[in-house]
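Number of protein chains: 2
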Amino acid sequence: MPSDEFIVTPWHVEGDIDYDKLIKQFGTEKITDPLLKKIEKATGEIHFMLRRGIFFSHRDLGRLLDEYEKGKKFFLYTGRGPSGHTHIGHLVPWVFAKWLQEKFDTNIYFQLTDDEKFFAKQDLTLEQTKNFAYENALDFIALGFKPDKTKIIINTKNIKTLYPIAAEVAKKTNFSNTKAVFGFTNETNIGMIFYTSLQSAPCFIEDRPVLIPLGVDQDPHFRITRDVAPRIGRPKPALIHNIMIPSLAGPGGKMSASDESGTIYTTDSPEAVKKKINKYAFSGGQPTVEEHRKIGGNPDVDVSYQYLRIFFEPDDKKLKVIHDDYKSGKLLTGELKAILIEKVNAFLKSHQEEREKAKSQLDKFLFED
Amino acid sequence: MPSDEFIVTPWHVEGDIDYDKLIKQFGTEKITDPLLKKIEKATGEIHFMLRRGIFFSHRDLGRLLDEYEKGKKFFLYTGRGPSGHTHIGHLVPWVFAKWLQEKFDTNIYFQLTDDEKFFAKQDLTLEQTKNFAYENALDFIALGFKPDKTKIIINTKNIKTLYPIAAEVAKKTNFSNTKAVFGFTNETNIGMIFYTSLQSAPCFIEDRPVLIPLGVDQDPHFRITRDVAPRIGRPKPALIHNIMIPSLAGPGGKMSASDESGTIYTTDSPEAVKKKINKYAFSGGQPTVEEHRKIGGNPDVDVSYQYLRIFFEPDDKKLKVIHDDYKSGKLLTGELKAILIEKVNAFLKSHQEEREKAKSQLDKFLFED
Chain B
53 MPSDEFIVTP WHVEGDIDYD KLIKQFGTEK ITDPLLKKIE KATGEIHFML
103 RRGIFFSHRD LGRLLDEYEK GKKFFLYTGR GPSGHTHIGH LVPWVFAKWL
153 QEKFDTNIYF QLTDDEKFFA KQDLTLEQTK NFAYENALDF IALGFKPDKT
203 KIIINTKNIK TLYPIAAEVA KKTNFSNTKA VFGFTNETNI GMIFYTSLQS
253 APCFIEDRPV LIPLGVDQDP HFRITRDVAP RIGRPKPALI HNIMIPSLAG
303 PGGKMSASDE SGTIYTTDSP EAVKKKINKY AFSGGQPTVE EHRKIGGNPD
353 VDVSYQYLRI FFEPDDKKLK VIHDDYKSGK LLTGELKAIL IEKVNAFLKS
403 HQEEREKAKS QLDKFLFED
Chain P
53 MPSDEFIVTP WHVEGDIDYD KLIKQFGTEK ITDPLLKKIE KATGEIHFML
103 RRGIFFSHRD LGRLLDEYEK GKKFFLYTGR GPSGHTHIGH LVPWVFAKWL
153 QEKFDTNIYF QLTDDEKFFA KQDLTLEQTK NFAYENALDF IALGFKPDKT
203 KIIINTKNIK TLYPIAAEVA KKTNFSNTKA VFGFTNETNI GMIFYTSLQS
253 APCFIEDRPV LIPLGVDQDP HFRITRDVAP RIGRPKPALI HNIMIPSLAG
303 PGGKMSASDE SGTIYTTDSP EAVKKKINKY AFSGGQPTVE EHRKIGGNPD
353 VDVSYQYLRI FFEPDDKKLK VIHDDYKSGK LLTGELKAIL IEKVNAFLKS
403 HQEEREKAKS QLDKFLFED
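Sequence lines, in order, name chains B and P.
Numbering (our numbering) for the first sequence: 53 to 421.
Numbering (our numbering) for the second sequence: 53 to 421.
Some hints here could point you the wrong way.
Note: identical chains are not told apart, hence a pair may lie in one copy or across any two.
Unchecked claim - Simulated crosslink set (DSSO-like; lysine-lysine; CA at most 30 Å straight-line):
1) K326 with K395
2) K327 with K73
3) K401 with K288
4) K231 with K198
5) K409 with K327
6) K173 with K224
7) K231 with K331
8) K73 with K89
9) K382 with K224
10) K379 with K327
11) K155 with K331
12) K173 with K212
13) K231 with K409
14) K212 with K82
15) K89 with K382
16) K409 with K382
17) K212 with K224
18) K201 with K331
19) K231 with K401
Keep in mind that the hints were calculated from the coordinates and are not lab data.
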């Protein structure tokens with residue numbers, strides 16, 4: 053792969069992603085200022101993840117908001133492939149989904165695709181992915197979703213509801229379609245080939261339009277859904293995409309739940325967080341304090357700064373001070389890391405408390421067929 | 053297709069099938085006299101469908117019987133693709149399965165593949181195939197299966213049980229495998245591609261070996277199952293195959309539920325049966341009575357005779373008299389048809405009564421996840 057190229061698929065992200073190029077490749081639309089204004093009109097504010105371009109791209113969000121303004125309600129759907137414990141990168145679309153739920157007062161469905169991860173990962177059993185699904189569900193609940201408007205779907209558990217809807221999609225999707233969209237080959241297993249129709253299914257679980265906040269790597273699934281929707285008499289899902297969250301090791305891929313050293317898990321102890329960030333967080337600083345003071349750091353590639361921008365410092369003014377101080381050399385890498393460590397640990401302290409409480413709440417959230 | 057060729061797949065049967073050639077093509081084993089002796093030893097008799105070669109081929113039946121003799125029990129599994137009403141051809145493997153259930157005192161699972169027929173037939177809805185599934189179930193129950201040892205599976209209804217087992221099979225089956233076995237192409241829908249793993253699933257529903265009595269056209273599914281079984285730590289299913297039941301129009305295909313004029317349904321009135329057989333049943337007789345008396349008829353191609361042989365005249369002596377009289381010209385085609393009409397209507401009178409009773413019995417037979 054030449055250094056200026058990148059790969060973004062639901063199962064593999066590699067390289068330094070050029071998001072403007074990706075928008076063209078995928079055929080999505082950039083989130084523009086007029087669209088932000090439209091969101092602000094409907095919600096009264098612009099979430100910092102929108103202001104900062106963490107959510108950068110969409111499909112049909114303008115149309116959805118126009119219809120909403122005319123009184124047409126929608127629902128939300130997002131999800132997670134439970135291949136391991138939850139890491140902080142996963143929380144990005146979920147936190148944003150919670151904001152959308154509050155602002156638009158909608159139902160939300162959260163799909164845990166235990167079957168997908170079983171099909172995709174040679175060494176994972178269905179038992180293991182299902183266990184991860186329940187673990188991941190706790191992190192979702194911990195974020196504060198309303199139980200009466202939030203339903204968690206686990207594919208193998210809720211297959212009775214999903215399968216007949218998936219069958220409608222599957223009948224209109226052929227192997228060529230999946231080859232074109234996912235790059236499948238003759239050696240791809242038939243579970244993987246069929247699976248995309250199950251990721252489509254929650255789009256049609258209510259008889260109204262859906263909005264899906266999601267990592268842009270998941271977009272290909274919904275290209276198929278959007279092609280099929282009118283052919284089964286259903287509305288096309290609208291999407292809003294977030295960028296890939298870099299691993300601690302830096303840009304050139306998304307944070308992966310299977311790369312332990314590069315990943316901060318929601319269950320990590322304060323000591324583990326401190327150690328991981330200090331040891332692994334890719335730095336935009338200079339090799340020596342002297343050079344750093346003189347030349348300054350590069351916040352654009354510095355993972356600690358990026359984590360603050362993406363998730364941990366919602367206050368634009370405070371973020372700007374950190375940005376400018378780091379760039380000028382006033383703020384050292386160690387100091388920047390210390391800010392992030394404090395923020396992450398403060399967040400995780402509260403999150404882990406909520407996560408414990410979620411264990412007794414789980415039943416209220418699980419979708420019943 | 054040259055006239056000496058034929059096609060046998062789960063979704064398409066065409067041509068005059070040479071069953072010895074088919075055994076070679078499919079790689080199955082012919083049912084030999086020593087195997088018949090083994091069956092007789094275990095059951096005390098040889099079912100007329102075995103004596104007459106209606107069940108003509110198998111996979112691993114000898115091994116299964118050897119293990120049975122050593123005390124290793126097995127269970128039975130058969131099924132039906134509910135694309136229409138039940139016709140008398142469908143009853144062949146079911147009647148034989150009932151005999152096996154009685155002789156070996158086993159559980160039996162009967163799978164109704166409403167999803168398969170939805171995927172395979174452009175113009176059928178899932179609602180329609182599910183309705184046919186319930187209709188077909190009544191015919192199965194009407195044959196007198198024991199409710200405590202008989203469970204009817206409807207794929208969309210019991211998907212919660214089937215899907216995790218199917219997923220194990222699907223993970224070990226790739227698109228190339230389905231191309232090789234079913235002749236799928238890039239244009240095949242992904243429901244069809246995945247579906248075979250759901251037909252495998254009941255093979256592993258109990259933790260013991262399975263024997264599947266089935267039409268030989270369904271064998272390809274279980275070639276995949278048998279390849280995958282050892283790779284997921286499960287026993288290979290044993291199979292026993294029946295020939296394709298000809299349509300009224302004669303050899304060169306199986307009786308099809310979608311070709312109304314060539315098909316006798318279990319719900320047909322005595323008048324309809326009489327009319328269909330008299331009008332459509334392919335005759336092995338001569339054009340005129342005079343010629344018939346002189347030359348005689350050909351029972352091998354005469355559909356009325358074949359139906360008596362396959363299903364409606366279990367008494368070998370009576371069948372031989374009919375055979376010889378027809379061949380000598382003593383029995384005219386009209387007289388032969390009259391024998392069949394009487395037999396079919398006697399069977400259907402009782403069957404339709406049992407079928408009515410089955411409506412209140414259905415719940416006892418339906419598999420609960």
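| request: Enumerate the violated hints, using their earlier numbering and listing them in ascending order. | output: Violated hints: 2, 3, 4, 7, 9, 11, 13, 14, 15, 16, 18, 19; rest satisfied.
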